[in-house]
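A.B. asks: Following the hints, put chain R in place on chain L, whose structure we already have.
Chain order of the listed sequences is L and R. Numbered according to this note's numbering, the first sequence terminates at residue 702, and the numbering increases by one at each position without gaps. Numbered according to this note's numbering, the second sequence terminates at residue 435, and the numbering increases by one at each position without gaps.
Just so you know, these hints were derived from the structure itself, not from any lab. Accuracy of the hints is not assured; some may be wrong.
Lysine-lysine pairs mimicking DSS-like chemistry, simulated, CA-CA at most 27 Å apart [what the hints assert, rightly or not]: (1) L:Lys361 - R:Lys413; (2) L:Lys260 - L:Lys601; (3) L:Lys361 - R:Lys404; (4) R:Lys28 - R:Lys173; (5) L:Lys361 - R:Lys24; (6) L:Lys604 - L:Lys255; (7) L:Lys584 - L:Lys601; (8) R:Lys250 - L:Lys429; (9) R:Lys250 - L:Lys368; (10) L:Lys85 - L:Lys322; (11) L:Lys323 - L:Lys482; (12) R:Lys250 - R:Lys212; (13) R:Lys212 - L:Lys361; (14) R:Lys260 - R:Lys10; (15) L:Lys255 - L:Lys601; (16) L:Lys601 - L:Lys589; (17) L:Lys164 - L:Lys379; (18) L:Lys110 - L:Lys322; (19) L:Lys477 - L:Lys535; (20) R:Lys290 - R:Lys404; (21) R:Lys290 - L:Lys429; (22) R:Lys212 - R:Lys10; (23) L:Lys368 - R:Lys290; (24) L:Lys259 - L:Lys164.
Just the calculated beta-carbon pair ranges, DEER-fashion [to be verified]: (25) L:Pro464 - R:Ala147: 52 to 58 Å; (26) R:Gln408 - L:Arg214: 54 to 60 Å; (27) L:Lys260 - R:Pro130: 44 to 50 Å.
Don't be surprised by glycine CBs; every beta carbon is placed ideally from N, CA and C.
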Amino acid sequence: MNANSADKAAPEKSSPKQSTRKGSAKTPDWHRQIDDEGILWLILDQQNTSTNVLSVTVLEQLDSLLDDVAQNLPKALVFRSGKAKGFIAGADVNEFLQVTNTQEALIMIKRGQTLFSRIAALPCPTVAMIEGFCMGGGTELALACDYRVALDDNGTRIGLPEVKLGIHPAYGGLVRATSMINPLKSLELMLTGRALSARAAQAIGLVDAAQPERQMERAVRQIALTRPPQQQMPLFGKLLSLPGIRSLLAEYMKKQVAKKAARQHYPAPYAILDVWANYYGNPARMMEEEANSVARLIQGDKVRNLVRVFFLQTRLKSLGDKKAFVPQHVHVIGAGTMGGDIAAWCALRGFTVTLQDREAKFLTNAFKRAHQLFAKRLKTTHERNAAVDRLIPDIDGAGVEKADVIIEAIFEDVDAKHAIYRDVEARMKPDAVLATNTSSIPLETLTTVLKQPERLVGIHFFNPVAMMPLVEVVVSKTTSAKTLQQATAFTQHIGKLPLPVKSSPGFLVNRILMPYLVEAFTLYAEGIAPEAIDKAATDFGMPMGPVELADTVGLDICLSVAQNLSAAYGIEVPAGINRFVEKKHLGKKSGRGFYQYQKGKPVKDKDVDLGDQRMIQNRLVMRFVNEAADCLQEGIVEDRDLLDAGIIFGTGFAPFRGGPMNYSLDQGVESMVALMTEYETRFGERFKPSAGWSLLDAKEPV
Amino acid sequence: MANAHKKYAKPVYLVDGSRTPFLKARGKPGPFKHADLGINAARSVLLRMPFAANEIDEVIFGSTMPGPDEANIARIVALRLGCGDQVPAYTVHRNCASGMQALDNAAMSIVSGRSDLVLAGGIEAMSQAPLLLHPKMVAWLAQWWGAKSIGQRLKVLSGFKPRLLTPVIALLKGLTDPVVGLNMGQTAEQIAWRFGITRAQMDQFALESHQKLHQAQQQNELSEVIPIYDAQGNVYDLDDGVRIDSTLEKLGRLRPAFDKPYGLVTPGNSAQITDGAAALVLASEAAVKKHDLPVLARLVSTEWAALDPAEMGLGPAHAIAPLLKSQRLQVGDIDYWEINEAFAAQVLAVLAALDDKEYCQQHLGLKSAVGGIPLERLNIHGGGVSLGHPVGASGARIVLHLAKVLQQKNASKGIASLCIGGGQGGAMLIERSVA
Chain L
1 MNANSADKAA PEKSSPKQST RKGSAKTPDW HRQIDDEGIL WLILDQQNTS
51 TNVLSVTVLE QLDSLLDDVA QNLPKALVFR SGKAKGFIAG ADVNEFLQVT
101 NTQEALIMIK RGQTLFSRIA ALPCPTVAMI EGFCMGGGTE LALACDYRVA
151 LDDNGTRIGL PEVKLGIHPA YGGLVRATSM INPLKSLELM LTGRALSARA
201 AQAIGLVDAA QPERQMERAV RQIALTRPPQ QQMPLFGKLL SLPGIRSLLA
251 EYMKKQVAKK AARQHYPAPY AILDVWANYY GNPARMMEEE ANSVARLIQG
301 DKVRNLVRVF FLQTRLKSLG DKKAFVPQHV HVIGAGTMGG DIAAWCALRG
351 FTVTLQDREA KFLTNAFKRA HQLFAKRLKT THERNAAVDR LIPDIDGAGV
401 EKADVIIEAI FEDVDAKHAI YRDVEARMKP DAVLATNTSS IPLETLTTVL
451 KQPERLVGIH FFNPVAMMPL VEVVVSKTTS AKTLQQATAF TQHIGKLPLP
501 VKSSPGFLVN RILMPYLVEA FTLYAEGIAP EAIDKAATDF GMPMGPVELA
551 DTVGLDICLS VAQNLSAAYG IEVPAGINRF VEKKHLGKKS GRGFYQYQKG
601 KPVKDKDVDL GDQRMIQNRL VMRFVNEAAD CLQEGIVEDR DLLDAGIIFG
651 TGFAPFRGGP MNYSLDQGVE SMVALMTEYE TRFGERFKPS AGWSLLDAKE
701 PV
Chain R
1 MANAHKKYAK PVYLVDGSRT PFLKARGKPG PFKHADLGIN AARSVLLRMP
51 FAANEIDEVI FGSTMPGPDE ANIARIVALR LGCGDQVPAY TVHRNCASGM
101 QALDNAAMSI VSGRSDLVLA GGIEAMSQAP LLLHPKMVAW LAQWWGAKSI
151 GQRLKVLSGF KPRLLTPVIA LLKGLTDPVV GLNMGQTAEQ IAWRFGITRA
201 QMDQFALESH QKLHQAQQQN ELSEVIPIYD AQGNVYDLDD GVRIDSTLEK
251 LGRLRPAFDK PYGLVTPGNS AQITDGAAAL VLASEAAVKK HDLPVLARLV
301 STEWAALDPA EMGLGPAHAI APLLKSQRLQ VGDIDYWEIN EAFAAQVLAV
351 LAALDDKEYC QQHLGLKSAV GGIPLERLNI HGGGVSLGHP VGASGARIVL
401 HLAKVLQQKN ASKGIASLCI GGGQGGAMLI ERSVA
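Same shape as in the complex, but just chain L (with noise of 0.2 Å):
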């Protein structure tokens, strides 16, 4: 056993919670200890709840337990948390949501800001001791501390997303991170709201040390007693804080911000950038302004929209339950560009995956894309070789009898399909799941081969399957709802959020979409130029237009997915897509489609003549919406809510306008049937009103 001093002063301890018996105290959430050499432990360990979040509660505890420190100061004070998993998730988002007006928000955000001030200011020593999740307002309680100590392990993640709901940090913060971090990391965490793992909070100075488990508590207790240096601004990043080169500086940024996210629909990472290149170098006034900038970035509909954002996914995220249904082993069947990738997502995220092909050649492109997507994913060579060795050739299809879920995946052919699923079935586990991923063909056709009709499930990826957090679920008549739920639990598994939706032509996504496609098609028939139509998309606030979408989906593909779908919805594809396909202008991927492709950035000419861009705008949004309405009237999904986080996290729809539902309702569904109407009149039958809105004339909370 090592004898250094640190063991010396603190003899073999396995958990403060033993360790620091003297003395201890509690609020309801917060645990005050103090130990045998005189540090202070505050522990969050929150009432009624697994994760702590910073609720006015806790804040004010908080602020009561720290007018005792200052009066029987400790010689360290720590901060750490009582819950197995996590430091602190951020603030509360529900009481966040109560806030109506610039007031109220500046009153929540001033009482924060004079909190932390206060712990920065403690004359004795504090570390901040974080084990697992660390976020926003907990992240910004840390860097009111001295010290930051982190978990060097898997689940250490450390980061500032307040950009993703449309603000930004405001307790100190923003002034802190930006004082004590070179500039371009410390914007960088908060305008991308990126987490960190503990190692790389380290390299760029967020915490000072990365620790593994064994070491975390004498680590603290070393820095706590010690009072090595804090950390300092390195010389290139106060270099880059000078006045003159931080707006020059500001002004970069701003300009590749604009490249992902338009001012006017995303301001919070403008606002940091403001703040930071007016008040820099001035804290008191700093730490004013990033109070007020959030005030104003709270008001509208924005925040609240991005909130919802937020709880559509932890609704997604809690669909299934995960320990009910513990696969181990994948089997996909089809080696192409889907089941290739999928094969590869899930051997990323810890499964034993055999894929399946006719033959050795077919399997090339799925190893070679899995071993691109280890190498961009995994940092260490052995996590790499565990990820690869868990992706299993296998032509034989031996691993049908080991599989927990197998996935079929192969080209759009009902007779293959049977085929497959005869084999399957007889050699299959008794408790796996069969699915498949078809994006055209009914379930109902595919079960009639099957013995046991009710175990076949649709698990629908979307290209690229590493890119696309959503992954419809679909359920057919016979699917039993205990196969639903595997199919739901596994999705968890993989770390994709499941959409349970109805069996019918293009499920969800694909049949929103499609309209709202083959309408920017027919708006190219027009004559109109696919940067004025693409245009009207971006500025609504979709990520990509629709022209730029379907050449990256491949024309061949849109075709035929739009054929196999207007036999169903009587959608009219404009003849000129074929001539596109027959030419082998296939999009992207051939170097021409609606454009011409250059390193696979589509060329577009900056001057074509936009057009009626209100009329495109229309047309695109209302085909969109208007099919939307028509799958919440033919329960596609459970309700309006799935409906909106399907379209969300399956096609990107502006998710500042919280989904095409919640957009409509925005609008008020009385003037939007009212434009659908007119333009029935003007562009023809296929923009009338869907029965669907009758459903929507109330607008409850989330």
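C.D. replies: Same frame as chain L, now just chain R:
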């Protein structure tokens, strides 16, 4: 001989096996490291097994030169396969017979009752063999690291000579006998001279090895070979050392590689430097019953022998003769033979020795010659000359393939044997019940 009837005292079953294609080394490290090869072979056979990887009792692999970061390669393979923390694993080294040694150890473990299910095999990525620093360079570096002052450093620096940078090729060291100072090719020259094997015979044997392998590939007779994929997505599904265009004329043009310039042994009639791995599942009777396992063959007995390192190529003769004797079998009782082709000359010399009364009397303690092994029953799908000899893997490969041949031909008995650098020979008798 202590025991005239040396058999494994309990049944040892060969359940199934897979191997990677054997990939010819192309002058630079190949796409797969040792562990990658072992895992590819092993996970393929385990996929076909009804039991889970953590139900295996023991993992044993033979390997002679795993990488510096692959110490106890068998344990690495076991862990990366998902056998879990609790399955013990070890690596064995008997040079060219390491793969067969792993099977022998597995069999003995089953016989002793220690294990019921063993994953065993051989792994070698010869293309990954490292270049080493010359010992003088290591000594120089030690001085450099020890030098503290600028003066000391300058002094050490002045002692540096470019020739210190000449690397030591680990592979060549591994293929040279340190006791008698001959490389393996020279030992083949030695026994070719002793038995009067001609260059024409060697080249003919080599040519036929390629032809047999090619035909076997065409007719899918190497069912144990599985496709493997590298990081670029390239697939390897055939032993790629096969030369379809080989002719006696082309072989005849090659120059001797070991005894220059007058020797007979050329790269064309020697085993190729290759990367590959084979993994087999061996089981006790109880395990076969418990998991309802298929049985490919039964391992009956293994014989190890030793001889003059300078004539190591004759090792198979020294192991086969006592094996036949102890099992009371004649050459004619054996349906098929796999004798590893380290060198065409070496296999031909083994056949000559076994058929030579004088050699059998003087060196094998027999009254008469063992007899001639018919060429049409030997290495019927090619061997080391055409598909390569990844040192630690070959022993496992020939046993697995022999079992597959017996199955294909519905035959009963087979012997697999190899010569072993350092002057040894190993031979294993396997048997299956004829349908």
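A.B. asks: Run every hint past the structure and note whether it holds.
C.D. replies: Now for the hints, and whether the structure bears them out:
1. Proximity of Lys361 of chain L to Lys413 of chain R is assessed by CA-CA distance (about 36 Å); at most 27 Å being required, the pair is judged violated.
2. At roughly 15 Å between alpha-carbon atoms, Lys260 of chain L and Lys601 of chain L fall within 27 Å of each other, so this suggested pair holds.
3. Annotation: proposed proximity of Lys361 of chain L to Lys404 of chain R holds, straight-line Cα distance about 25 Å (limit 27 Å).
4. Using a Cα cut-off of 27 Å, the hinted pair Lys28 of chain R and Lys173 of chain R holds, with the two alpha carbons roughly 17 Å apart.
5. Proximity of Lys361 of chain L to Lys24 of chain R is assessed by CA-CA distance (about 20 Å); at most 27 Å being required, the pair is judged to hold.
6. The straight-line distance between the Cα atoms of Lys604 of chain L and Lys255 of chain L is roughly 18 Å, inside the 27 Å bound, and the hint therefore holds.
7. Restraint check: the Cα-Cα separation between Lys584 of chain L and Lys601 of chain L comes to about 18 Å, which is no more than 27 Å; the hinted pair holds.
8. At most 27 Å may separate the alpha-carbon atoms for a hinted pair to count; Lys250 of chain R and Lys429 of chain L exceed this at roughly 55 Å.
9. Under the criterion of a C-alpha separation no larger than 27 Å, the hint pairing Lys250 of chain R with Lys368 of chain L is inconsistent with the structure, at around 38 Å.
10. For the hint linking Lys85 of chain L to Lys322 of chain L, the alpha-carbon distance of about 17 Å falls within 27 Å, and the restraint holds.
11. Distance check on the hinted pair: Lys323 of chain L and Lys482 of chain L sit about 14 Å apart at the alpha-carbon level, within 27 Å; holds.
12. In summary, the hint linking Lys250 of chain R to Lys212 of chain R is supported, as the alpha carbons are separated by about 18 Å, within the 27 Å threshold.
13. A distance of roughly 24 Å separates the Cα atoms of Lys212 of chain R and Lys361 of chain L; the hinted pair therefore holds under the 27 Å criterion.
14. A distance of roughly 50 Å separates the Cα atoms of Lys260 of chain R and Lys10 of chain R; the hinted pair therefore is violated under the 27 Å criterion.
15. The suggested pairing of Lys255 of chain L with Lys601 of chain L holds, with an alpha-carbon distance near 18 Å, which does not exceed 27 Å.
16. For the hint linking Lys601 of chain L to Lys589 of chain L, the alpha-carbon distance of about 11 Å falls within 27 Å, and the restraint holds.
17. Taking the CA atoms of Lys164 of chain L and Lys379 of chain L, the gap is near 25 Å; set against the 27 Å cutoff, the hint holds.
18. Restraint check for Lys110 of chain L and Lys322 of chain L: not satisfied, since their Cα atoms lie roughly 41 Å apart, outside the 27 Å limit.
19. Simply put, Lys477 of chain L and Lys535 of chain L have alpha-carbon atoms about 41 Å apart, too far for the 27 Å limit, and the pair is violated.
20. Between Lys290 of chain R and Lys404 of chain R, the direct Cα distance comes to roughly 24 Å. Compliance with the 27 Å bound is thereby established for this hinted pair.
21. A hinted pair counts as satisfied when its Cα atoms are at most 27 Å apart, and Lys290 of chain R with Lys429 of chain L qualifies at roughly 19 Å.
22. Our distance criterion of 27 Å between C-alpha atoms is broken by Lys212 of chain R and Lys10 of chain R, whose separation comes to about 36 Å.
23. With a C-alpha separation of about 40 Å, the suggested pairing of Lys368 of chain L with Lys290 of chain R is violated against the 27 Å cut-off.
24. A C-alpha spacing of about 16 Å is found between Lys259 of chain L and Lys164 of chain L, which places the hinted pair at or below 27 Å, so the restraint holds.
25. The supplied range of 52 to 58 Å is met by Pro464 of chain L and Ala147 of chain R, whose beta-carbon atoms lie about 55 Å from each other.
26. The hint said 54 to 60 Å for the Cβ distance between Gln408 of chain R and Arg214 of chain L, and at roughly 56 Å that hint holds.
27. A hinted range of 44 to 50 Å for the beta carbons of Lys260 of chain L and Pro130 of chain R is consistent with their spacing of about 47 Å.
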